[in-house]
Amino acid sequence: MNFDFSEDQKFLAGEARKFLEAESAIPVVREVLNDDDKAYSEALWKKIAEMGWLGTAIPEEQGGLGLGMLEMCVLAEEMGRVLAPVPFSSTAYYLTEAVKLAGSDEVKNDILPRIVAGEIIGCYAASEGPGHPDPASLKTTFDGSTVSGTKIPVTDGGIATHAVVLAKEGSGASLVLVDLSGAGVTRKTLSTLDPTRGHAELTFDKTPGIRLGAAGDGASLNDQLMDKVAVLLAFEQLGGASRALEMAKAYSLERYAFGRPIAGNQAIKHKLAEMYVKNEVARSNCFYGAWALSTDAPEMPEAAAAARVAASEAFWYASKENIQTHGGMGFTWEVDCHLYYRRAKLLAVQAGGPKVWKEKLVRALEQKNAA
Amino acid sequence: MNFDFSEDQKFLAGEARKFLEAESAIPVVREVLNDDDKAYSEALWKKIAEMGWLGTAIPEEQGGLGLGMLEMCVLAEEMGRVLAPVPFSSTAYYLTEAVKLAGSDEVKNDILPRIVAGEIIGCYAASEGPGHPDPASLKTTFDGSTVSGTKIPVTDGGIATHAVVLAKEGSGASLVLVDLSGAGVTRKTLSTLDPTRGHAELTFDKTPGIRLGAAGDGASLNDQLMDKVAVLLAFEQLGGASRALEMAKAYSLERYAFGRPIAGNQAIKHKLAEMYVKNEVARSNCFYGAWALSTDAPEMPEAAAAARVAASEAFWYASKENIQTHGGMGFTWEVDCHLYYRRAKLLAVQAGGPKVWKEKLVRALEQKNAA
Amino acid sequence: MDFNDTPEEAAFRAEARAFLEKHLKPKGSAPASRDRVNMLEKAKAWQKTKAENKFAQITWPEEWGGRGGTAMQNVIWGQEESKFDAPTGPFAIGLGMCVPTVIAFGSDEHKKRYVQKALMGEEIWCQLFSEPSAGSDVAGLKTRAVKDGDEWVINGQKVWTSGAHYSDFGILLVRTDPKVPKHKGLTMFIVNMKQPGVEVRPIHQASGGREFNEVYFTDVRIPDSDRLGDVGAGWKVALVTLMNERLAVGGSPGPDWAEIMEYARDHGTLSDQAFREKLADWYVAAQGYKLTKFRTQTALSRGQTPGPENSIGKIITANHLQDICNSAIEMQDHYGIINETDRMPADAIFQQSFMWAPGLRIAGGTDEILKNIIAERVLGLPQDVRVDKDLPFDQMKSG
Amino acid sequence: MDFNDTPEEAAFRAEARAFLEKHLKPKGSAPASRDRVNMLEKAKAWQKTKAENKFAQITWPEEWGGRGGTAMQNVIWGQEESKFDAPTGPFAIGLGMCVPTVIAFGSDEHKKRYVQKALMGEEIWCQLFSEPSAGSDVAGLKTRAVKDGDEWVINGQKVWTSGAHYSDFGILLVRTDPKVPKHKGLTMFIVNMKQPGVEVRPIHQASGGREFNEVYFTDVRIPDSDRLGDVGAGWKVALVTLMNERLAVGGSPGPDWAEIMEYARDHGTLSDQAFREKLADWYVAAQGYKLTKFRTQTALSRGQTPGPENSIGKIITANHLQDICNSAIEMQDHYGIINETDRMPADAIFQQSFMWAPGLRIAGGTDEILKNIIAERVLGLPQDVRVDKDLPFDQMKSG
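Residue numbers (UniProt numbering), protein chains in the order written: chain A, 1 to 371; chain G, 1 to 371; chain B, 1 to 399; chain E, 1 to 399.
Excised from the complex, chain A in its bound form (with noise of 0.2 Å):
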């Protein structure tokens, strides 16, 4: 039984912990929460991909470390704890895999090394509305070399080099590659729940695009990167919520009423109690899809949507207790308990909410059980 990670991903873990508790404090974080110009902060993003983080999981022919997925999640987890305000997901998850997924050679020896270099910015383009987008019915169009349609929201959109597009190919959809210096995009800032991430509207006008596999392969494609999309993220929303309990905890042991810590109250105790067998629970289902994804896994779909539902509902209720757990202190502005409220459901939405992914284990159980 080896169920957790290794010496050297703790490592990588303790070392990740140590440059971002310096870097992306949460002066970092408040610099584009406070800055409706800001959409990341330049100089963490720099410094990120001068550790080579962003070829963590991009073969040494390309530029990258070649290390594995694991310790992509393990850099996601304390991503997720300090709430880095800087485009990771959006490049490293979403781009990065999806050019590995289905991108040809031309494409992956070119797009790859410029993502390791820090040149490039990714953002996955698949919302168009209210709800989950759904690949049989999307209004962006692609017809073999432009996209058409509007896309929101999407996110660091408004910073991204480069979109990964759904879109709708013939009677089929398609994932496209998109470079966002080309003819025909607009860009609108959005303002979101989580002013501590970038969003944009993007509408394409026929601009040129590359599509990643085959034509009419993109819901496929796009279940397949959603999978591996949603194990990295939630290791975010449990660092998050590991992070809001810690929270909750300190604070609870020095705040004072009636004589003595808050944390001496059953009410508070039991509360505590509850996030930490959440976190817990989350915990196990995200090793679990960890390891899934690094082993490519038949089990992937059921791992990866228990992880991402189990993350979801651990940092939902650990940020929303934090902030209870705080009192009026947790309601200002200035106390970072909202911070993780609003990243909780940013990451909550991101890719799917619950529901969706609720739905995607129940299939996967079917599935499994029919055959």
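Since the hints were made in silico from the structure, they are not lab data. Wrong hints could be hidden among the right ones.
[Said to hold, decoys possible] Straight-line C-alpha distance at most 25 Å; calculated BS3-like pairs for lysine-lysine:
#1 E:LYS389 with B:LYS397
#2 E:LYS290 with A:LYS368
#3 E:LYS314 with E:LYS142
#4 A:LYS368 with E:LYS278
#5 E:LYS27 with A:LYS368
#6 E:LYS397 with B:LYS389
#7 G:LYS47 with G:LYS100
#8 G:LYS10 with B:LYS290
#9 E:LYS83 with A:LYS368
[To be verified] Some chain E residues well away from chain G (every beta-carbon gap over 10 Å; in silico):
#10 GLU8
#11 ALA45
#12 GLY66
#13 THR70
#14 SER82
#15 MET261
#16 ASP347
Given the structure is predicted, the values throughout are model-derived calculations rather than measurements. Even glycine gets a Cβ: it sits at the ideal position worked out from N, Cα and C.
Chains G, B and E: place on chain A using the hints.
Okay, now just chains G, B and E, sitting in the frame of chain A:
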């Protein structure tokens, strides 16, 4: 604003409580519980008939007291509090209301006076197997004069003299009144989760029956009957939930651990506060159901459903957390907690479980909104 | 059982309604104004109009400019006024909580000086109890008052004060003796909010808004004659203030089952059985709360004192609101993260209330405090063990 | 990251499996026996076979008849044994908790007299701590031991004792000094369960079964030489007993997501979206629990001490079980009330576990105690205020 029972109705409640606490105390319930051959307390049933309660909502011309449904609600709550082991609901809700709703004058004049006199015990036979019975696909049939088929389970089916049977007639459904002394009736006693109430499987083989209402009106009549019954059962549930909270409160005040009553722990205080909130939500929704029931209001479908949903939830929570509050003692046969837990489940699934009523509620809201 | 007014109630309702129709527009007939300064002037004008027509304080005796009406008339007035665009906000706390405290504990001079002007809308009051380190445990407050001749010198900080920036006066609870147990060393004063040393700073809330304030007191001097009640009796005075909180008579805190049902219908997700079951639960809870208020009103209408059932209110509504908004956002999926009123279904009310809901679960008593209150005051369960009960305040641990 | 054994673990697993296959039938290959008397004989025989082959107590030193194995080997043994129809029940508590306490605190004579016989399945032990008025607060127990010459005279009552009716010996925690605070007046003894004055009565449980017992002690005499640890040190001894509770290695307490999913599929309710979402939640929780045990096993496999993560177990499984059974019954609607194994889907396992689940939420630590334990021991939050901490036991209030 007059959203409460009247002084007269409250007086009736007080008298009923006194009577039932004396005549239907727990030893009476346990006589039925501990004797497999006993499906109800005959002595208590006789006294209830003598009190005239069976005629509460039966017009004076048929020998009843000619009071209204509000008085029935008041009695139902009191019956629920003491877990009265008698076929009150089967007789005074299901059979009485079915006959009042759809019986011919002849049927009314035959049946209702005998209900008042305590000569008739009713039962309601709809279920034919797992799942809520669907009037469109019943296996039990009515050919205009006889019923054939099997109903399982039938609450009080072992002791009833008359059954209201939901049966298929032609392409529709009908409600049929069956005299169980007629030909072709077989009864088999069933073990259930609530041995304080009798249950049986009833098999009909060309058993004579009289249709209540017109042929094929059964589905609609059944819906109307269920709405009425739902409100009355909700009051029984409310009574049970209120009693469970009282038990939990009393025990937590007298049980000491760590040198003080366990009622002083926030874990217990907040648990009981939750019970209280659920019970008050149930009470208010029950009142609204009572108002709709007593005034034949067009809001009846949503009022009945809301009362039923709220009361089912309240009794479920109160009964299970009452055991939990009692700790090990609560899990013994001798302590009464399990009797409420058992009854809570029986009342929750009788006349349709919570899922059925939630769906009815939302449909009613949709229709209201569409109108 | 019915939902009708008694003949007397119906007559009063008609009178109230006629008065309201004469002076105000029904809600929703014009877009809500966001003009804060003008709002204050309008509120003062409306208060004056009400006072001149004896609709300002329904239950106050006529001696103080009230109507001498019943609690039920007060409920009816609240119901009717809430149907109109009535600018009442700035006066709710002052006339609902502060001025009644002045009437109960103030001298004749106080009453002459303050009551009429407040009633006529000329002066606005705020309530200064909570502190950064004294929220659930209000009696643990630290703001100090030290006697200096005939005056008291105040230093300290209050927090979460509604309307402090436009208030003329406040009732201020401070510590006058730190050597005795915490409840026994408090005293209540009337404070002039416009005097030197009083500094009001808006609080930037987690939701982004700035509806509340911090108030800093630096060497603020209050004459002993502006004391309310005895020295050391401040807690007793404060309890009267808090008991005067008005009976809540409506005013949903945000979107409820009807709004999310409408959204789901418009966006094709009303057929989802999981959503339908949740909707049923929300409806039942919302109805439960609404109908419980009807039960309370019934008691008032019968001239009785309402039971404790109304205490379930905020526990239900605040969590409910958070859950509904969260569900609505999750139904919108990634799109739900957008927080722009002009782009979003229902003008982004789900998003905005999502950010407001955590505050509602805290303000005016946290979920946890409210459950304690139900357990102790309604069910009669024991109080929490109080380690600080008999300890002098200055020996209490405070982190 | 993988789920494979190390080569050493694989070798041990193969050895264990070969041994098990030689002696037992795989689970489910024959209907479970309900013959209680025979069960006891079979259990004794199986225990003897295990002991003779060094599979009885994997982690015990060879000196005591164990294998001197690792904690991971113990887990592997548990996993493999649980796949067979192994009659282990009667020995779980004795060898898991009682005898290790004898080894830790007993004299050489005790160890010679008791350990080997227990290991060989010749004598069965039970644990006598809980009392009617001392459940969550075990240290509040009242059973008295009074010194009389070289003997102690015991009077009192224990409760919820598994296996008391077939046990030969027990470890018994009693109060020897009521004049000191409760934890300080306790002493532990070995008691012969077959002696006069020991009366065992089965408890009729709320679920209908009678798996546990009350044990009454009337003037039972125990020689001082059968004391375990010092007089007054019983709580310290008891903590060692409780820490020896075996690492749970499987054994679901009843139907889980797979069973209810199967039921729903067979009865056409798997398409209900509300059910599907609940199913997803149950799966996630069950997996969370199962995978958390894998994490614990990983630590063991690496020779490390497991973290506190395993403490989440019973809180999840007990509530989970109650919820799943309740949902299954509600899906069956009125029919779900029937409790007959031959008529009901899944042999009425949902109905039977529905009645068992409330007990599971209490036995071995209530939900509330377990949350306190997580809060205090895992998260390091303060203990509850203990009003009885320094109070002599006989001055404590006990209702």
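Tested hints:
no.	hint	result
1	E:LYS389 with B:LYS397	holds, 20 Å
2	E:LYS290 with A:LYS368	holds, 19 Å
3	E:LYS314 with E:LYS142	violated, 28 Å
4	A:LYS368 with E:LYS278	holds, 18 Å
5	E:LYS27 with A:LYS368	holds, 23 Å
6	E:LYS397 with B:LYS389	holds, 20 Å
7	G:LYS47 with G:LYS100	holds, 24 Å
8	G:LYS10 with B:LYS290	holds, 23 Å
9	E:LYS83 with A:LYS368	holds, 23 Å
10	GLU8	holds, 43 Å
11	ALA45	holds, 33 Å
12	GLY66	holds, 33 Å
13	THR70	holds, 36 Å
14	SER82	holds, 26 Å
15	MET261	holds, 15 Å
16	ASP347	holds, 13 Å
In summary, the structure is inconsistent with hint 3 from the numbered list given earlier, while agreeing with all the others.
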